[in-house]
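Starting from the known structure of chain U, arrange chain D on it as the hints suggest.
If you read the protein sequences in the order shown, they are chains U and D.
The opening position of the first sequence corresponds to residue 2 in my numbering, with each subsequent residue numbered one higher.
The opening position of the second sequence corresponds to residue 2 in my numbering, with each subsequent residue numbered one higher.
The hints are simulated quantities; they were obtained by calculation from the structure and are not laboratory data.
Every residue, glycine too, gets a C-beta built ideally from N, C-alpha and C.
Be a bit skeptical, because a hint or two may be false.
[Said to hold, decoys possible] Computed list of chain U residues with no C-beta within reach of chain D, every gap over 12 Å:
1. N4
2. A10
3. A16
4. E25
5. Q30
6. G41
7. R69
8. V70
[Unchecked claim] Some, not all, of what chain D presents toward chain U, calculated at C-beta under 8 Å:
9. Q5
10. A13
11. E25
12. F47
13. V60
14. E89
15. L95
16. R96
17. M98
[What the hints assert, rightly or not] From chain D, some residues computed to sit far from chain U (all C-beta separations above 10 Å):
18. T29
19. E42
20. G65
21. R69
22. T75
23. H76
24. R114
25. E115
There are 2 protein chains.
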Amino acid sequence: MANQATLDAAFAACAHPIRRGIVERLATQGARGGEGLSVGEATRGFEVSKPAISRHLRVLEEAGAIVRVIDGRTHRLHLAGQPFEDAEDWISALRAMWERKFDVVEQFIAESREGARDGEGSK
Amino acid sequence: MANQATLDAAFAACAHPIRRGIVERLATQGARGGEGLSVGEATRGFEVSKPAISRHLRVLEEAGAIVRVIDGRTHRLHLAGQPFEDAEDWISALRAMWERKFDVVEQFIAESREGARDGEGSK
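Bound conformation, chain U alone (with noise of 0.2 Å):
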């Protein structure tokens, strides 16, 4: 499991449309291995300020979600799948556990409904 300040950087991430609007940009484009995507390419479109841009970059960049591979003048950004997996895990971790906690009222429930048609039975 991920530390805490990884998953806290990898929630973050996900936590504001344009953000999410730039990794499907990139997971849609193939920016997972191959070219990746100039910054223009991954960021065009999105109405917001470049200094805005920029720190919606850092953000995803801090947490591992993208990748800056810098060629010359051309920064190329690429799609990283470890946040989300992390992400993910939590989730599923969280989810077992309020699964199995949930499987034990209503087997509790179950039973004491149970008892209570026993009971009425032998009246």
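For chain D alone, coordinates are given in the frame of chain U:
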């Protein structure tokens, strides 16, 4: 698929260790359905101020991750699954996008190799 604001709130709710800790405690203590936990039970042992705890609870409530039921002087907290499912769904959709694209890249590489082998065979 959840809307953008809902997803922002879901991911932001997960982006702090104390909030994840509270959610994990609610999940393991059967607070989805059932009695829930009092605020004290849900937040005991996190070494931050009461106002900080209140802010974390507010973030979780605004995301719909916890529901507070007020019973006289006791506030009982219940875990709600929806935001975690929304977050998981978004990550799954992202994974599907990049795997599809990745398949295309791998197929292209495989075909290129086959092409190269065929070329060698005909020498």
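Now the hints, each set against the structure:
1. Annotated as non-interface, U:N4 brings its C-beta within 12 Å of a C-beta of chain D; the closest such distance is 9 Å.
2. For U:A10, the shortest C-beta to C-beta distance to chain D comes to about 8 Å, within the 12 Å cut-off, and the non-interface label is violated.
3. Consistency note on U:A16: stated as away from chain D, yet its beta-carbon is not over 12 Å from all of that chain's, at 4 Å minimum.
4. For U:E25, the non-interface assignment is contradicted: its Cβ lies about 6 Å from the closest Cβ of chain D, within the 12 Å cut-off.
5. Annotated as non-interface, U:Q30 brings its C-beta within 12 Å of a C-beta of chain D; the closest such distance is 7 Å.
6. Listed as a non-interface residue, U:G41 keeps its Cβ farther than 12 Å from every Cβ of chain D; the least gap is roughly 20 Å.
7. Its beta-carbon lying about 18 Å from the closest one in chain D, U:R69 satisfies the requirement of being farther than 12 Å from that chain.
8. The Cβ of U:V70 lies farther than 12 Å from every Cβ of chain D, with a closest approach of about 16 Å, so its non-interface assignment holds.
9. Because the smallest distance between the Cβ of D:Q5 and any Cβ of chain U comes to about 4 Å, under 8 Å, the interface hint for this residue holds.
10. Proximity of D:A13 to chain U holds as hinted, the smallest CB-CB distance being about 4 Å (cut-off 8 Å).
11. Contact between D:E25 and chain U, as hinted, is supported at the beta carbon level, the nearest pair being about 6 Å apart and thus within 8 Å.
12. Annotation: D:F47 was flagged as interfacial toward chain U, and the flag is violated, the nearest CB pair being 13 Å apart, outside 8 Å.
13. Annotation: interface hint on D:V60 violated; nearest CB of chain U at approximately 11 Å, more than 8 Å.
14. The beta carbon of D:E89 is positioned within 8 Å of a beta carbon in chain U (closest approach about 5 Å), and the interface hint is therefore held.
15. The restraint placing D:L95 at the interface with chain U holds, with a minimum CB-CB distance near 5 Å, inside the 8 Å limit.
16. Because the closest C-beta pair between D:R96 and chain U is about 7 Å apart, less than 8 Å, the hint holds.
17. Annotation: D:M98 was flagged as interfacial toward chain U, and the flag holds, the nearest CB pair being 4 Å apart, inside 8 Å.
18. In this structure D:T29 is not separated from chain U by more than 10 Å, as the shortest Cβ-Cβ distance comes to only about 5 Å.
19. The beta carbon of D:E42 sits about 14 Å from the closest Cβ of chain U, which is more than 10 Å, so the claim that it is off the interface holds.
20. Listed as outside the interface, D:G65 is consistent with that label: its C-beta sits roughly 15 Å from the nearest C-beta of chain U, beyond the 10 Å cut-off.
21. The beta carbon of D:R69 sits about 18 Å from the closest Cβ of chain U, which is more than 10 Å, so the claim that it is off the interface holds.
22. The beta carbon of D:T75 is kept farther than 10 Å from every beta carbon of chain U, the shortest such distance being approximately 20 Å.
23. The Cβ of D:H76 lies farther than 10 Å from every Cβ of chain U, with a closest approach of about 20 Å, so its non-interface assignment holds.
24. Every Cβ of chain U is farther than 10 Å from the Cβ of D:R114; the closest lies at roughly 16 Å, confirming the non-interface assignment.
25. Distance check for D:E115 against chain U: the nearest CB is about 19 Å away, which clears 10 Å, and the non-interface claim stands.
Hints 1, 2, 3, 4, 5, 12, 13, 18, counting from the list given before, are not met by this structure.
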